[in-house]
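Starting from two chains that each stand alone, build the complex the way the hints lay out.
Here are the chains, one letter per residue:
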Amino acid sequence: MKDKCVHCRYFDNRSAFIEMTFPGLNSLSSAYGSVWAESGICCLHDLFLSPWRGCKDFKPSG
Amino acid sequence: MSNELKKTTTDYCETKECATEAPPKPVAMGWKELYLKEDWWAIYVGFGIALLCLIAFMSGSTFAKSLAINPGGLKWDFDSTGKIVDHFSKNIGLYGIQFLFWAVIFSITTKIMRIKTSEFIPAFIILYILSILAFLIAGWKDAGRWMLEPPIVALLIGLVIANIFPFPKWMDSGFRVEYYIKTGIVLLGATFPLNLVASAGPIAILQATLISLTTCLTIYFVATKIFGLDKRLAAVMGTGGAVCGISGSMAIASAVGAKKEHLYTSVTLVVIWAIIMVFFIPYVAKTLNLNPGIAGAWVGTSEFADSAGFAAASAYGKMAGNEDASIQGFTLMKVIGRDIWIGIWSFVFAMIACLKWEKEECGVKPSPMEIWWRFPKFVLGFFLASLLMTIIASGYSATDFNKFFKPGVFVPIAGLRTWAFIFCFMSIGLTTRFKELKSAGVKPFISFTVGVLVNVTLGFILSVYVFGDYWSKLGK
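Residue numbers (the working numbering), protein chains in the order written: chain A, 1 to 62; chain B, 1 to 476.
With the rest of the complex left out, here is chain B (with noise of 0.2 Å):
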């Protein structure tokens, strides 16, 4: 990857990083977006799927069931070792189509999106190997014992590969996190009831209002009036901490024009934490026997990215036996209540930026069409997915729905939508080398450490005391 983004240096660069690195023409996007961003391929990808799982039940096929086999639920133990050998031999020409599935579709797209296929294959081979891996240490029979469940199994193997003996970095072109992440979220939409996001999408973006506005003051008071930091860094930071990590503090990065040092110190600090949280609030929430509804709650206030949230939430939800009510409240709130509003801070920074601390040199005025341009595409793929398979299951009856349409395309579709889940969980692991982050410096530190706390407090006090009866019911 690395080689072929080299340029010639040009007369105009100054810094050496420009001069050696500058592209002969920048990428102006517009239509092109429609197959250049994972957002809309996730969407594609997502119903692409669906519309299989529905195609498959309607004609009476087990085709898509068949396809979402996984090793995780075999309870084997060091007595029975040969359950395993006995499913893999059974079942090696279906986990040979199901990698090929996978394999065709992601390097196809990917390769639309321009990234190598040649470092895309062999990367995803080792990732669906490692996927595989992680499915058979969480089908342990004591696996739930030890608090090993798939999500964190899958983070922790990345983890210690990516720390101790990494993959060289040119593999990371297989290990798209937010593309798998985007592609699960669009395939929960379709199991997801509308009537819930109608019902308890009001309480999410009412919680996600106020820690995120607490979240973001905090941060940007800490870091500006206690530490004197530059307030285009602290807004980077405050975004981060509160919307939606480092998608967050990129958008608001580029729109108060911060520089490339702000971004560094942002990634660093929400990678760190974003990472100790997928550990933190679940084993809390074990500690406190809390209802999974609202334990996903509270992931969704208090996690920082939306993959790094799902790790959490999935691996609370399968140590409380209801993983859909963690799944379902931690949707809610941070792809519901957090996500979608990125391009409205976004355009709010950018206003403030122009307004107020750049007068002089703003040059152009940003557009309302920003919070357009910012928005998290493969959020609208959740809605319509959900909306389309509300409107589908809604000619069952009750019993019939129960009977037929759940396991014969709700089942398929969560099947498939945890293999997605756990190859975004296996490449958060992969791609996060501590090694590798920029320092982000002790008063940046200590600014976002405050935010996290706060937020942390008042996620917790929110998701159980304030609105607990709402998360309480989800997954029934």
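Bound conformation, chain A alone (with noise of 0.2 Å):
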């Protein structure tokens, strides 16, 4: 499946960003781990999702 958020251009799920994003998170935690999978942030819903859901408003990854 391509159309998963993983391929699409609105998130963003580079480690580094996302703990920037999130402040505390890497006191704690961190999203280098296993757990995080390759979760990331979609930027047009302002969500945080996991990286195999998907949804009408999918567009391929440049």
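Careful, some of the hints might be misleading.
[What the hints assert, rightly or not] Which chain A residues face chain B? A few, computed with CB under 7 Å, are given here:
hint	residue
1	S27
2	F48
3	D57
4	P60
[Claimed, not checked] Covered stretches of chain B (in silico footprint by chain A; criterion: 3 or more residues with CB under 8 Å from a CB of chain A, positions within the stretch not fixed):
hint	stretch
5	175-184
6	236-246
7	252-258
8	268-274
9	300-308
10	369-383
11	428-440
Hint data in this document are derived by calculation from the structure and do not stem from the laboratory.
Even for Gly, the Cβ is constructed at its ideal location relative to N, Cα and C.
What follows is the structure, encoded as structure tokens:
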């Protein structure tokens, strides 16, 4: 399936970006851990999502 | 770090943050996880160090033992500060090698994980120097009287620096709390008897199930039924309090498609309560003179994050004179009892969100593979290290084990583990800047706090009265 969030250009799941976005996250956790899987932020809907989700606003990443 | 993350504006993004920071392409990991995730690196590094200690022992070398040196046992006082000078002038070479050992390992592995080495190295130099300072303070003759154990000292030094004259934010690249604690946990596995996992594991899982369900449901009920908060926020806070702190919150936030603000709220609440519990539980346990195994289990039941929990368990173990018991109780309860279920919690909430909360817009149905994807892989390293060392140690008679193998292999591994832990505890303090935390709101705060009170009380009852017999036998 190529229309999942992980392939969408609205989706940002870079670990350094995630840690920067959530202040305090790296003091007791880490965006480089397995538990995070490939979760990221949907910039269009401002949601925190699993990479394998999808929605009607999907746009392929560039 | 921040400059590199900024990307050009796209036509698609409407939010300010996205417009300025959206990446050209999201990261799809697959097998790359094996070298991009710190869980795997913690396993590789932990096994590498255990192997090094084993090879050194078998070849009759004392190198590994020397590498684990720290000034924590000096027992100096203000009339004998010369002891400190003597210690460092005699061992300066060893400290130099030790620094290089850790710096090389962590800077190469973090570089592979795409953390900037130019940021990591200066931060790690500071971290190492401050860790020496923490050991040194804890090595003061009267430190025990003031409960100034190394984990507490490291945490306090870090907190004071971070909140009074903080280091630049980019230095967080070197303050890798989770990477250090996971490496320490794999090293802990190498000295952890497998039969203990088999005998006490089921009790830990039972106690963890009781506490996790009760805490999560309490927070969820108070948040949704009393305060009418969003179900997703309630789920994110509930699992943050019940399962695995921020990591638990994040896993559930992404599983249920929570708003970014929900995660902000949960991160703030978990950080504040986790830091309070690091001090609260050991000091209450000390006041009640609890058995260290029992206190370790209580910390494992009621603390929110592995890193903060290890600080509390290790500190109390040192206060009570049996760190092994306290660490074992904590590890069984937290790592084995609570952490490994994070994937299941995540899958269950993803199903609830998909089938009940957002029937119309669920999109892709959650896969049971989520359980594996979110599994904290470093726990595998803990089990494998325990299995491997238990098999090797079983080749020795009880006398030979205590006379040769334990001091030759387990002691250096434990010494190096202590370093990994102190890096972690110091990093917690250095990265906890209370001013930077986002506001959580009164209703979420009360909901979470009720859960904390239920958790800490029930955790105490279960650890002391219900399963106390099991936990009190640890560390003997």
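Cross-check of the supplied hints:
1. S27: holds (4 Å)
2. F48: holds (5 Å)
3. D57: Result: violated, 9 Å to nearest chain B Cβ.
4. P60: Nearest chain B Cβ about 10 Å off; hint violated.
5. 175-184: holds (count 6)
6. 236-246: holds (count 3)
7. 252-258: As far as the stretch 252-258 of chain B goes, the hint holds, because 5 residues have Cβ atoms under 8 Å from chain A.
8. 268-274: It holds, with 4 qualifying residues against the three required.
9. 300-308: holds (count 4)
10. 369-383: holds (count 7)
11. 428-440: Satisfied; 7 residues make the cut.
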